[in-house]
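There are 2 protein chains.
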Amino acid sequence: MNRSNSCPSHQSIVSGSDFLQLNILDAPVGGRSHWLAQQLRLAIADRRLPVGSKLPATRVLAGELRVSRGVVTEAYQRLIEDGHVAGHGRSGTIVVAAPAVPPEAPPTRPVVAPSPGALFAAEPGADIFDSMRAIPARIDLSPGTPDLAAFPRSAWLRAERSALASLSASDLGYGDPRGTPALRHAIANWLARNRAIRVDPNDILIVAGTAQTLSLLGQVLRDDGISAVAVEDPGSLGARQHLRNQRLDTPPIPVDHQGARVDVLRDVAARAVLLTPAHQFPTGVVLSGARRRELMSWASDNDGLIIEDDYDAEHRYDRPPVPALRSVLPNHVCYAGSVSKLLAPALRIGWVLAPPKYQDALVAAKRFADLGNAALPQHVLAQLMGSGEMERQLRFLRTRHRSRRDAMVDAVRTHLPEAVIHGAAAGLHLMITFDATFADTDLAASALARGVKVQPLSWHSQHSPRPGLVLGYAANTPTAISEGVATLGDVLRHLP
Amino acid sequence: MNRSNSCPSHQSIVSGSDFLQLNILDAPVGGRSHWLAQQLRLAIADRRLPVGSKLPATRVLAGELRVSRGVVTEAYQRLIEDGHVAGHGRSGTIVVAAPAVPPEAPPTRPVVAPSPGALFAAEPGADIFDSMRAIPARIDLSPGTPDLAAFPRSAWLRAERSALASLSASDLGYGDPRGTPALRHAIANWLARNRAIRVDPNDILIVAGTAQTLSLLGQVLRDDGISAVAVEDPGSLGARQHLRNQRLDTPPIPVDHQGARVDVLRDVAARAVLLTPAHQFPTGVVLSGARRRELMSWASDNDGLIIEDDYDAEHRYDRPPVPALRSVLPNHVCYAGSVSKLLAPALRIGWVLAPPKYQDALVAAKRFADLGNAALPQHVLAQLMGSGEMERQLRFLRTRHRSRRDAMVDAVRTHLPEAVIHGAAAGLHLMITFDATFADTDLAASALARGVKVQPLSWHSQHSPRPGLVLGYAANTPTAISEGVATLGDVLRHLP
Numbered sequence: 001m002n003r004s005n006s007c008p009s010h011q012s013i014v015s016g017s018d019f020l021q022l023n024i025l026d027a028p029v030g031g032r033s034h035w036l037a038q039q040l041r042l043a044i045a046d047r048r049l050p051v052g053s054k055l056p057a058t059r060v061l062a063g064e065l066r067v068s069r070g071v072v073t074e075a076y077q078r079l080i081e082d083g084h085v086a087g088h089g090r091s092g093t094i095v096v097a098a099p100a101v102p103p104e105a106p107p108t109r110p111v112v113a114p115s116p117g118a119l120f121a122a123e124p125g126a127d128i129f130d131s132m133r134a135i136p137a138r139i140d141l142s143p144g145t146p147d148l149a150a151f152p153r154s155a156w157l158r159a160e161r162s163a164l165a166s167l168s169a170s171d172l173g174y175g176d177p178r179g180t181p182a183l184r185h186a187i188a189n190w191l192a193r194n195r196a197i198r199v200d201p202n203d204i205l206i207v208a209g210t211a212q213t214l215s216l217l218g219q220v221l222r223d224d225g226i227s228a229v230a231v232e233d234p235g236s237l238g239a240r241q242h243l244r245n246q247r248l249d250t251p252p253i254p255v256d257h258q259g260a261r262v263d264v265l266r267d268v269a270a271r272a273v274l275l276t277p278a279h280q281f282p283t284g285v286v287l288s289g290a291r292r293r294e295l296m297s298w299a300s301d302n303d304g305l306i307i308e309d310d311y312d313a314e315h316r317y318d319r320p321p322v323p324a325l326r327s328v329l330p331n332h333v334c335y336a337g338s339v340s341k342l343l344a345p346a347l348r349i350g351w352v353l354a355p356p357k358y359q360d361a362l363v364a365a366k367r368f369a370d371l372g373n374a375a376l377p378q379h380v381l382a383q384l385m386g387s388g389e390m391e392r393q394l395r396f397l398r399t400r401h402r403s404r405r406d407a408m409v410d411a412v413r414t415h416l417p418e419a420v421i422h423g424a425a426a427g428l429h430l431m432i433t434f435d436a437t438f439a440d441t442d443l444a445a446s447a448l449a450r451g452v453k454v455q456p457l458s459w460h461s462q463h464s465p466r467p468g469l470v471l472g473y474a475a476n477t478p479t480a481i482s483e484g485v486a487t488l489g490d491v492l493r494h495l496p
Numbered sequence: 497m498n499r500s501n502s503c504p505s506h507q508s509i510v511s512g513s514d515f516l517q518l519n520i521l522d523a524p525v526g527g528r529s530h531w532l533a534q535q536l537r538l539a540i541a542d543r544r545l546p547v548g549s550k551l552p553a554t555r556v557l558a559g560e561l562r563v564s565r566g567v568v569t570e571a572y573q574r575l576i577e578d579g580h581v582a583g584h585g586r587s588g589t590i591v592v593a594a595p596a597v598p599p600e601a602p603p604t605r606p607v608v609a610p611s612p613g614a615l616f617a618a619e620p621g622a623d624i625f626d627s628m629r630a631i632p633a634r635i636d637l638s639p640g641t642p643d644l645a646a647f648p649r650s651a652w653l654r655a656e657r658s659a660l661a662s663l664s665a666s667d668l669g670y671g672d673p674r675g676t677p678a679l680r681h682a683i684a685n686w687l688a689r690n691r692a693i694r695v696d697p698n699d700i701l702i703v704a705g706t707a708q709t710l711s712l713l714g715q716v717l718r719d720d721g722i723s724a725v726a727v728e729d730p731g732s733l734g735a736r737q738h739l740r741n742q743r744l745d746t747p748p749i750p751v752d753h754q755g756a757r758v759d760v761l762r763d764v765a766a767r768a769v770l771l772t773p774a775h776q777f778p779t780g781v782v783l784s785g786a787r788r789r790e791l792m793s794w795a796s797d798n799d800g801l802i803i804e805d806d807y808d809a810e811h812r813y814d815r816p817p818v819p820a821l822r823s824v825l826p827n828h829v830c831y832a833g834s835v836s837k838l839l840a841p842a843l844r845i846g847w848v849l850a851p852p853k854y855q856d857a858l859v860a861a862k863r864f865a866d867l868g869n870a871a872l873p874q875h876v877l878a879q880l881m882g883s884g885e886m887e888r889q890l891r892f893l894r895t896r897h898r899s900r901r902d903a904m905v906d907a908v909r910t911h912l913p914e915a916v917i918h919g920a921a922a923g924l925h926l927m928i929t930f931d932a933t934f935a936d937t938d939l940a941a942s943a944l945a946r947g948v949k950v951q952p953l954s955w956h957s958q959h960s961p962r963p964g965l966v967l968g969y970a971a972n973t974p975t976a977i978s979e980g981v982a983t984l985g986d987v988l989r990h991l992p
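Sequence order for the protein chains is Y and F. Take 1 as the starting number for the first sequence in the numbering used here and just add one per residue. Take 497 as the starting number for the second sequence in the numbering used here and just add one per residue.
There may be inaccurate statements among the hints.
Unchecked claim - The list that follows gives simulated cross-link-like pairs (lysine to aspartate or glutamate, EDC-like), each with its CA atoms no further than 20 Å apart: (1) F/K853 / Y/D223; (2) Y/K357 / F/D623; (3) Y/K453 / F/D623; (4) Y/K453 / F/D667.
Calculated directly from the structure, the hints in this document are not laboratory data. Note that the structure is a prediction, hence the values are computed from the model and not measured.
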């Protein structure tokens, strides 16, 4: 920075009628000291008054500005309190520190979306889904979100109005870290109706989605001496990343047409396992009754913990969903649910039902994490659940998602006849695999270059024998689905 | 449990026209299998069909119920998928596992508020503020909340309506873990206007309040090899608990009339310090200009980190607040702010401005914690900040809080003339101390037994020479304040 032109030299007296071109007429009546202090701060910040320079004597500046000396004394006093200037007795008042100056050119952390090629070239890191989201695409077939266009905005607003009208002042203060009693009560009823789970509302902990459940539970399990949580393979990359961030190993358990291989689980050195029994992610398999019984034996034989991620269990199209494992095994299952697949991920509301021995530790972890979820959205959600609005929404989504699933199955059969479609008629996505040897990351990269976003199966696999894709259909119209899958077919035929 | 009366014996065939008193007329048309499966699940859950019992043959039950055999087969199939029953070929269909039965008598974790005596008898634990909140009181003089009755409910609802009308569907999906661009932009402008901080919105991280800031930052600091964060003494008990939960030591730095003693900080083995410079909690002292300069030297000499908890800086009644330390020392200050004292703690929204070297790690920690704050409230808050509504709210609160502070000062002078009042004309609470030797926990316990809730100073002190109280006034009317303090005076005179 060139200080020689615009700035006074070290220790020179800055004064004269032109001092900072101050015009007292700019100051609000009754706020002159405040105004003057602010002008001086700005001048110090942009180096018009550099560190080491001396301010005019109060008497002199008061005369120049035609204000009382008290106005200037008061302004200087504020700068002394700020720490910007210091009074040095007869030596006068000296600038001793400057506020930060903002960067002059582009922001320090420009947000640049990575190229499709770069995105899929390396092992997916912790920010992979953020990077993926940052890339614009014509058709987004990423899995994991329901039809967000169907979010019940009017019902939400009505419930919010009603909540704001009925809340007491203390409801807006710090609250129970477990969540509001109203929502825990509503969720207990929801789980009884929809998931065959009977639970005392006091045993429900409201969290900021299943991501937070894994983070909090990871801490609690480590404190309990557990160092590994077995995971399904293929299984959710995001969940695996969350567990690993808690310094937990994630030994893979293969998934076949009946779900996770419990016989393999028996051979793995893990006292805990993360499962998606109702609709396995990403294969879409429903855990069979035989496997459920094997799991129960495993849990009792090994004092094992099953983390049941019930992420999209309500979205079954051919028949009612299977009951949650939690409903038969409350002492060995930590059950995790959320509204991310029922309403919207952006709400960041979920719930966890821990086995009795972990409940207190989990509440403590939630308290230390953030003192509990925000209250207003909990009251709104409790109303939607209590009024039947949530069930209406779910019925609507089921119909819509089912027709979109059908559209995607048709499109795959037409445009990707070589693909094998996996999984039950359920959920928000389907998995396809190819009996071939190409890298599915190349397919995903080429598709993204053509404006179609998909996730390669290998991202979600620890040992992946076959290339594949995980395709979300819930958030797309049948037309977009058909067009997107047609592009995939075209891309596949032109893969090098 | 007495199974002998109501339950069939092991492996006996349950059948006959009275089987479970099922009445097919109760079943919805087209949903008979679903209904039957549900009835069987209920019977298994309440042990009318215990584990080991055999279900009637499908042909038999179909005849009894006068439905097609397919209806029964389908219901049994669902129970097999659940894992509740198993087909054993010619041996028939056997119940093999039961869903959980809810506790029959009182809930497992009854919520009982502790007695005032018990609450103050022991060292305060991690759940102390929850326990405190659970005890009802006529007058609550706990510090830490603004006047929640003044929460701008109409403005919030208007902003919510506008947000719901303008958001795109993808705004309801998973988002940037740093927070919505709109809110980060609005906060950058708020901080420039109100706290003399100039910051790029990309360098702001939205969090779930300052509690989460401490949790996330604690993880990041430990990963950077920092094992201790010095804290003010007296200083916030809650903040100290959060740091200790992250396995950080919290060496105490005494506070005098100029704020934290930076000379002591120099002698302490800590590379980081948590401060409340604008209005120290709980003393109410404003960090002096001289100390601010000492701090700056400490930070540059030791590559030190200052965590600036700016919790109620905007609430200054006699003059504009001093600028934030962050405004002069961006590379050494991690700045934490929130809306808890501006709007309501229940919103769980805060922000953190980390030094460049910690920004990426802090974003990663937030991603792993919960994938980012909920989006809707962020959009609402951005609107309130952008429209000037927040400044209106702040002006309103300042006037109201100031008169309540005056009322409390008057009440203390009248009813507790022996008390010394500390701190600047600012904030939401004041601290009083007594030149005496009684235990302030006894005073707080006796006051609570008389229906007045206060926090003893000793809770917030690591070394406490004098008894004292921390008294919140913001959330009470002048009448309640006067009545509460009068009770305190009466209690004090009758202390054993």
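Quickly compare the C-alpha distance for Y/K453 and F/D623 to 20 Å and report which way the hint goes. Distance of about 46 Å is beyond 20 Å: violated.
Between the alpha carbons of Y/K357 and F/D623, is the straight-line distance 20 Å or under? With a Cα-Cα distance of about 18 Å, the restraint between Y/K357 and F/D623 holds, given a limit of 20 Å.
F/K853 and Y/D223 were given as a pair; does the straight-line alpha-carbon distance stay at or below 20 Å? 30 Å, violated
Restraint check for Y/K453 with F/D667, where alpha carbons must lie at most 20 Å apart: 17 Å, holds
Checked against the numbered hints above, the structure violates hints 1 and 3; every other hint is satisfied.
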